[in-house]
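Residue 563 in the working numbering sits at position 563 of the sequence shown, and the numbers go up by one each step.
I should point out that these hints are in silico values taken from the structure, not numbers from a laboratory.
One or more hints might be untrue.
Computed list of lysine-lysine pairs in DSS-like fashion (alpha-carbon distance at most 30 angstroms, straight line) [to be verified]:
| # | residue 1 | residue 2 |
| --- | --- | --- |
| 1 | Lys60 | Lys537 |
| 2 | Lys361 | Lys436 |
| 3 | Lys208 | Lys154 |
| 4 | Lys650 | Lys537 |
| 5 | Lys94 | Lys73 |
Just so it is clear, the structure is predicted and the values come from calculations on it, not from any experiment.
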Amino acid sequence: MAPNFSKDAILQGSVDYFCLICETYLISEEEAFVHVSNVTHLKKLSTIQYVDEYMEDGIKKINGKYFCELCNKLLPVLARVRLHIMDLTHIDKKSYHILKRKNNFVIAFEQFVINEQSWHGLNENSCALCNLEYEDEELHKVESCHILNLIQNKVEFDKNKNVYRKVDEVSFQCLTCNSILALHDLTSHFNEGEHKSIYQTCCEAYQKIKHVPAEKSNKSKVVNKNILKTQDKCDKNNSTDLNNEKKQTKELDAGTKDEKLDSSKINKALKSTTENKENVSENNENVSKNINNDVNVLNSQYVYDENCEDNICKMLNTTDYVTKDENGKTWCILCDWIMDSCKIFDHVEGQHHQTILKLHKERAKKLKNINKPHKNVAAKNSTDKDNMLLLNSIDTFQKNGININFESNSATCKKCTIALEYDFEAISKHIAEHNKSIPTKEKRKPAEFPSGTDKLADRQNSLFTSPVHLKRDTEDTILEINGKTDDTIKINDSCEDKNSIHVPKQTDSKKIQIAKLELKKPKKIVLSKVPLIAYIKNLTAIDGSMFKDIIINEKFVINFLSFCFIAHEKHLYKCILCEESMTFNNILDHTQTPRHDKAINETSVILQVDSEFIRELQPGKFHCGFCNIVKSSWDEMLEHLETSSHKEGKNSANWRLMQYEPQLAHNSMQRQIQETLFLEMFNRFF
1 MAPNFSKDAI LQGSVDYFCL ICETYLISEE EAFVHVSNVT HLKKLSTIQY VDEYMEDGIK
61 KINGKYFCEL CNKLLPVLAR VRLHIMDLTH IDKKSYHILK RKNNFVIAFE QFVINEQSWH
121 GLNENSCALC NLEYEDEELH KVESCHILNL IQNKVEFDKN KNVYRKVDEV SFQCLTCNSI
181 LALHDLTSHF NEGEHKSIYQ TCCEAYQKIK HVPAEKSNKS KVVNKNILKT QDKCDKNNST
241 DLNNEKKQTK ELDAGTKDEK LDSSKINKAL KSTTENKENV SENNENVSKN INNDVNVLNS
301 QYVYDENCED NICKMLNTTD YVTKDENGKT WCILCDWIMD SCKIFDHVEG QHHQTILKLH
361 KERAKKLKNI NKPHKNVAAK NSTDKDNMLL LNSIDTFQKN GININFESNS ATCKKCTIAL
421 EYDFEAISKH IAEHNKSIPT KEKRKPAEFP SGTDKLADRQ NSLFTSPVHL KRDTEDTILE
481 INGKTDDTIK INDSCEDKNS IHVPKQTDSK KIQIAKLELK KPKKIVLSKV PLIAYIKNLT
541 AIDGSMFKDI IINEKFVINF LSFCFIAHEK HLYKCILCEE SMTFNNILDH TQTPRHDKAI
601 NETSVILQVD SEFIRELQPG KFHCGFCNIV KSSWDEMLEH LETSSHKEGK NSANWRLMQY
661 EPQLAHNSMQ RQIQETLFLE MFNRFF
């Protein structure tokens, strides 16, 4: 059976999940487990509160909708919640959460105790569940047929928190008094003083049991042989006390109509249980000290192997990590889970145990890598010295193209692209070999230029420069001729001065074509729209017990307030068109005013999306009829149409339209009959 994530506000489907708080789609159970442990999800979950009116029914309001934790069901409106909590399926699931077990007691409504005899239906050597007599009460309670009847028989309750169980069609068992009565005496029995006194005694017993601390897990007790020996001694010393405790709990459970619960017996039982728990807690403290002292020894000696799970269970004196504590209760030390002896196989094969076992194996693999012993202290010291040498020479190595990674203890040569040994001497040796293999470049001698001052006698071998005189041409070039004239040409003389362009000189203006840059404006969206009066061909008002709807053209179902542009604002209501606030009682008076009627008739219906009823209040403002929401642009309205809240409101409207179809067909038939009769009368007289 798949786990229930209702407490984490996750809606569960056939194979996938959806987080209502984070609005996240989860494709598998594993993703759901990871998501519910996320910090962001937990913070958001802490802000969600129960609806005050339906707190006992597990109803939470999440993102404008109502979620039932008991049934894992999402409800769109509050009216649906009122119908849902009256459903028999919800009532049955509610009864499962009302009853809880704490140690050997069954708690109802977190207020009173149901004793064990009453819970099993045992009274005066007869069992009401199995409809037979027994000789040994303890043996009968553990029989499979009795347990099946106990589980299959439903527990019921009324609005006054009276808990009972139907035995057959004519009788019932009061779990408070442990008495079997006729079914027609159900109400009168709960009003009797004797029943109320026993109920008060059970409430006082719960207040005493409430302060008893829960028993601690014993999964850390069996670690080595010394600890096992100390446990055996503790078991022998406490065996007599435990026997006394069992006798006292039997006396406590014997709550019948003739023999009521006695608070003094409960006090004795609670006192003995607390004393035993103090002894167990002292033993646990000693065990925890031994564990802390032996942690390093165990980690240094123990190496995990996947194939030796059976050896681990033998070392811990368990079977599949399931063992029993001093009180005889069955515990799974891996999951920290208490269970009945008959449910061990189901727990071991269950999803929860297998998931924890998988995590345990992964953690053990990590411990195997972490706890590998060092070879010797000298080797460790040598590696520390090498690290210091490498750290001091890091600049030299980087200049020679050596990359050192201190985290992975590796070295690589960038020039040779090879991995080197993580050792200072080996890296230094490689750098020396690397430099030898690279050929040295021949040194070039600078060129010698003879100077003319050194050898003045030899003019042929010396270098001299002399000025060069050039004659100026008498003819002007074409560029100079064109430069003498100012050929400034204006293009587009009809344009303003800021658009005038000066063409450079020596340029033929006929050959120049300059394109004027214009900014591209976004295309305007042309919406096809029709006035509201022209759009409506048929209008039907439905005044139901839950909804007041308007049916437009037998196509759209719109809430009356949405059709009249009335929005809920805190404790008041506001007209979006007239911008006036009012109370609920004044809504009809406002909708009948000429001003409001005129404002509605001036609105237009957008035909851009055929399946939506969208009206334009003002230019650029649009109203969604299904959600009664106003958006300030068409783009925002298109985004709204894709949201889950809008689709939910639209589906709800379509569902209501289907419910109204028989009534619409009846109205249209009556309309046709009236029109036919009117035509016949008109033809007869005229």
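ask   = Which hints from the list above does the structure break, by number from lowest to highest?
value = Numbers 1, 2 - these are the hints that the structure violates, sorted from lowest upward.
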